[in-house]
Amino acid sequence: MGGFLPKEIGNLKSLVELDLSNNRFSGNIPQTLGQLSNLDFLDLSNNHFNGTIPSALFNLTNLSRLDIHSNPSMGGFLPEEIGNLKSLVELDFSDLNLSGALPSALCGLTKLVSLSGAKNQIYGSIPSEIGNLKILKYLDLGSNRLTGQIPSNLSNLPFLQILDLSSNQLTGPIPTQFGDDILKSEWYLWTLDLSHNILSGTVPSSLLRLGNVDLSYNTLEGELPCELVIEFGLERFAGNPGLRHDSTLCGASPSVVGNHRHHTPYYIIGLGVSLGAFSLIGGLAIYIFCKTKVKKVEVELIDNKHGDMFRIWNYDGNMAYEDIIKATNDFDVSYCIGTGGYGSVYRAQLPSGKLVALKKLHRLEGENLNFDKSFRNEANMLSKIRHRNIVKLFGFCLHQRCMFLIYEYMDRGSLFCILRDESEAVELDWVKRVNLIKGIAGALSYLHHDCDPPIIHRDVSSNNILLNSQLEATLSDFGTARILELDSSNQTVIAGTFGYMAPELAYTMVVTEKSDVYSFGVVVLETLFGKHPQDFLSSFSSQPKEPTMLKDLLDARLPPPTNPLVVRNVVLATASALDCVNATPKCRPTMQQVVNRFEVGRRESTRPLHHCCESAR
Numbered sequence: 001m002g003g004f005l006p007k008e009i010g011n012l013k014s015l016v017e018l019d020l021s022n023n024r025f026s027g028n029i030p031q032t033l034g035q036l037s038n039l040d041f042l043d044l045s046n047n048h049f050n051g052t053i054p055s056a057l058f059n060l061t062n063l064s065r066l067d068i069h070s071n072p073s074m075g076g077f078l079p080e081e082i083g084n085l086k087s088l089v090e091l092d093f094s095d096l097n098l099s100g101a102l103p104s105a106l107c108g109l110t111k112l113v114s115l116s117g118a119k120n121q122i123y124g125s126i127p128s129e130i131g132n133l134k135i136l137k138y139l140d141l142g143s144n145r146l147t148g149q150i151p152s153n154l155s156n157l158p159f160l161q162i163l164d165l166s167s168n169q170l171t172g173p174i175p176t177q178f179g180d181d182i183l184k185s186e187w188y189l190w191t192l193d194l195s196h197n198i199l200s201g202t203v204p205s206s207l208l209r210l211g212n213v214d215l216s217y218n219t220l221e222g223e224l225p226c227e228l229v230i231e232f233g234l235e236r237f238a239g240n241p242g243l244r245h246d247s248t249l250c251g252a253s254p255s256v257v258g259n260h261r262h263h264t265p266y267y268i269i270g271l272g273v274s275l276g277a278f279s280l281i282g283g284l285a286i287y288i289f290c291k292t293k294v295k296k297v298e299v300e301l302i303d304n305k306h307g308d309m310f311r312i313w314n315y316d317g318n319m320a321y322e323d324i325i326k327a328t329n330d331f332d333v334s335y336c337i338g339t340g341g342y343g344s345v346y347r348a349q350l351p352s353g354k355l356v357a358l359k360k361l362h363r364l365e366g367e368n369l370n371f372d373k374s375f376r377n378e379a380n381m382l383s384k385i386r387h388r389n390i391v392k393l394f395g396f397c398l399h400q401r402c403m404f405l406i407y408e409y410m411d412r413g414s415l416f417c418i419l420r421d422e423s424e425a426v427e428l429d430w431v432k433r434v435n436l437i438k439g440i441a442g443a444l445s446y447l448h449h450d451c452d453p454p455i456i457h458r459d460v461s462s463n464n465i466l467l468n469s470q471l472e473a474t475l476s477d478f479g480t481a482r483i484l485e486l487d488s489s490n491q492t493v494i495a496g497t498f499g500y501m502a503p504e505l506a507y508t509m510v511v512t513e514k515s516d517v518y519s520f521g522v523v524v525l526e527t528l529f530g531k532h533p534q535d536f537l538s539s540f541s542s543q544p545k546e547p548t549m550l551k552d553l554l555d556a557r558l559p560p561p562t563n564p565l566v567v568r569n570v571v572l573a574t575a576s577a578l579d580c581v582n583a584t585p586k587c588r589p590t591m592q593q594v595v596n597r598f599e600v601g602r603r604e605s606t607r608p609l610h611h612c613c614e615s616a617r
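Position 172 of the sequence shown, counted from 1, bears residue number 172 in the working numbering, the numbering being contiguous throughout.
Keep in mind that the hints were calculated from the coordinates and are not lab data.
Hints are supplied without guarantee of correctness; some may be wrong.
[What the hints assert, rightly or not] In the DSS-like style, the derived pairs of lysine-lysine whose C-alpha atoms are separated by at most 27 Å in a straight line are:
{"hint": "1", "residue 1": "Lys-86", "residue 2": "Lys-7"}
{"hint": "2", "residue 1": "Lys-326", "residue 2": "Lys-360"}
{"hint": "3", "residue 1": "Lys-326", "residue 2": "Lys-438"}
{"hint": "4", "residue 1": "Lys-134", "residue 2": "Lys-438"}
{"hint": "5", "residue 1": "Lys-531", "residue 2": "Lys-551"}
{"hint": "6", "residue 1": "Lys-13", "residue 2": "Lys-134"}
{"hint": "7", "residue 1": "Lys-111", "residue 2": "Lys-586"}
{"hint": "8", "residue 1": "Lys-432", "residue 2": "Lys-551"}
{"hint": "9", "residue 1": "Lys-134", "residue 2": "Lys-432"}
{"hint": "10", "residue 1": "Lys-111", "residue 2": "Lys-86"}
{"hint": "11", "residue 1": "Lys-7", "residue 2": "Lys-134"}
{"hint": "12", "residue 1": "Lys-531", "residue 2": "Lys-432"}
{"hint": "13", "residue 1": "Lys-134", "residue 2": "Lys-86"}
{"hint": "14", "residue 1": "Lys-586", "residue 2": "Lys-7"}
{"hint": "15", "residue 1": "Lys-586", "residue 2": "Lys-13"}
{"hint": "16", "residue 1": "Lys-438", "residue 2": "Lys-586"}
{"hint": "17", "residue 1": "Lys-111", "residue 2": "Lys-531"}
{"hint": "18", "residue 1": "Lys-13", "residue 2": "Lys-86"}
{"hint": "19", "residue 1": "Lys-354", "residue 2": "Lys-326"}
{"hint": "20", "residue 1": "Lys-111", "residue 2": "Lys-134"}
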């Protein structure tokens with residue numbers, strides 16, 4: 001849709017939700033929208049509106065979500081009246097070309113979970129009162145003109161997971177408290193992006209406790225802790241000429257971080273990959289990563305009948321590839337622990353004693369050079385992904401004869417198998433199941449919203465959720481279908497597992513992030529019910545006349561939950577799952593919204609199940 005938004009829209013007095021996103025509307029946003037006093041949800045994002053934010057919008061005191069991002073022709077500033085919207089949970093005014101300072105009233109919106117004002121021309125300092133937003137989880141003020149120091153109380157927000165202040169003009173030190181309190185709360189800061197500022201001082205060693213850090217292009221100085229280099233890679237600290245590290249201890253070079261782009265030797269550090277030689281190398285590429293003590297490695301090119309071979313040798317001269325072949329007796333069937341549509345999984349113990357899982361992929365395109373290039377690029381991208389609920393990809397091997405991925409080994413196996421084992425299913429109690437659901441939701445939200453480009457898993461199922469010895473869940477096989485797809489036009493082969501695939505794939509064969517959302521919903525119901533919800537999903541669409549009580553659907557092998565917090569989370573997970581399996585993709589929530597719901601608990605826990613089936617936001 002396009003054209004001007006008619007002012008008569010203000011006559012729809014009973015409207016509760018209004019989503020006009022991703023259209024071509026232009027002109028000013030009409031002031032009459034302020035007459036929709038019952039409005040709870042307003043999304044005007046990704047249009048061509050101009051002018052300023054209409055003041056009448058700040059009369060909508062029932063709004064819980066306001067999203068006007070990506071209207072770059074809009075201007076003006078964010079007024080103090082934003083403080084009237086006390087019910088806001090999500091606020092996104094990014095990419096609007098706003099100027100002026102952040103209003104102090106913004107810090108009075110204490111129900112905010114997600115706040116994004118990136119890609120504007122906002123200047124001035126970050127108000128210290130922002131520390132009042134105690135349930136804030138996501139804060140993105142990147143790509144503005146903010147100055148001054150980072151408020152130290154940002155590190156005290158107990159639920160903050162993502163903080164992006166990149167591409168500003170911030171000065172002063174990095175608060176030393178970042179990462180200090182991660183063991184004291186269920187949720188904690190995971191992603192910290194302070195790149196492209198003018199920050200000074202040293203790098204706090206406490207940042208090692210975070211999952212994703214970028215401090216590149218500042219004026220930091222002093223000794224860079226070796227552990228940070230190993231964990232995050234040198235590229236996350238590039239552009240800081242005064243920052244140094246001990247290349248002997250870290251197994252990395254160069255010693256001056258600010259000049260690392262001009263150094264020619266190639267080393268492997270943690271999960272950071274140096275790719276300068278990739279364009280020259282075909283055939284075999286092996287990347288072996290280690291998050292414990294990292295040894296220096298050497299790179300050697302060997303010409304043989306297969307063409308150029310890219311080998312990485314470890315510290316004692318044994319070739320890593322040979323270690324893997326030996327550990328599996330050349331992929332003997334006795335080491336195979338599972339087989340799927342894309343390959344077989346093997347358990348291998350390396351000479352260091354480390355257990356890894358090797359996924360040897362079925363290879364039908366061995367002579368296809370485009371496939372080789374696609375595989376290398378995708379595997380490199382996946383190797384950089386860091387999330388506590390995504391199984392770690394340590395490396396890969398690509399060759400005409402042999403192609404495999406090297407993953408973290410998860411000793412409790414898949415959720416599918418655990419739910420089908422009586423004793424293990426009982427061990428997976430309600431608290432663990434709720435935490436599992438939250439973890440996988442966070443992992444998918446990370447892939448969809450925090451990766452660039454976004455990653456669509458394409459095969460979310462209980463078979464691809466693996467658990468460690470503590471029954472903590474990780475999402476596995478992310479991106480495998482994408483790796484194996486030669487080009488985007490190959491839509492005839494649908495990636496996924498039957499029973500988990502979104503219904504629209506049967507006729508569109510176009511996979512989007514909403515396909516993952518549907519699959520996630522199925523997995524949530526399976527986790528709560530203890531079995532695949534096929535029968536429930538079939539009857540769910542028919543809208544039963546009598547209410548279906550949730551207690552009658554939960555896994556009977558466990559006693560019903562009685563703790564009020566657990567009860568609330570179980571009901572909230574069920575309600576979110578029902579939204580996720582909505583037959584209409586647009587009506588499904590995003591994974592970020594699913595994660596936010598657990599933070600806010602916006603649905604009542606006393607409603608019968610059939611009342612939790614309203615359209616997703």
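Legend entry - Hints breached by this structure: Violated: hints 3, 6, 11, 17.
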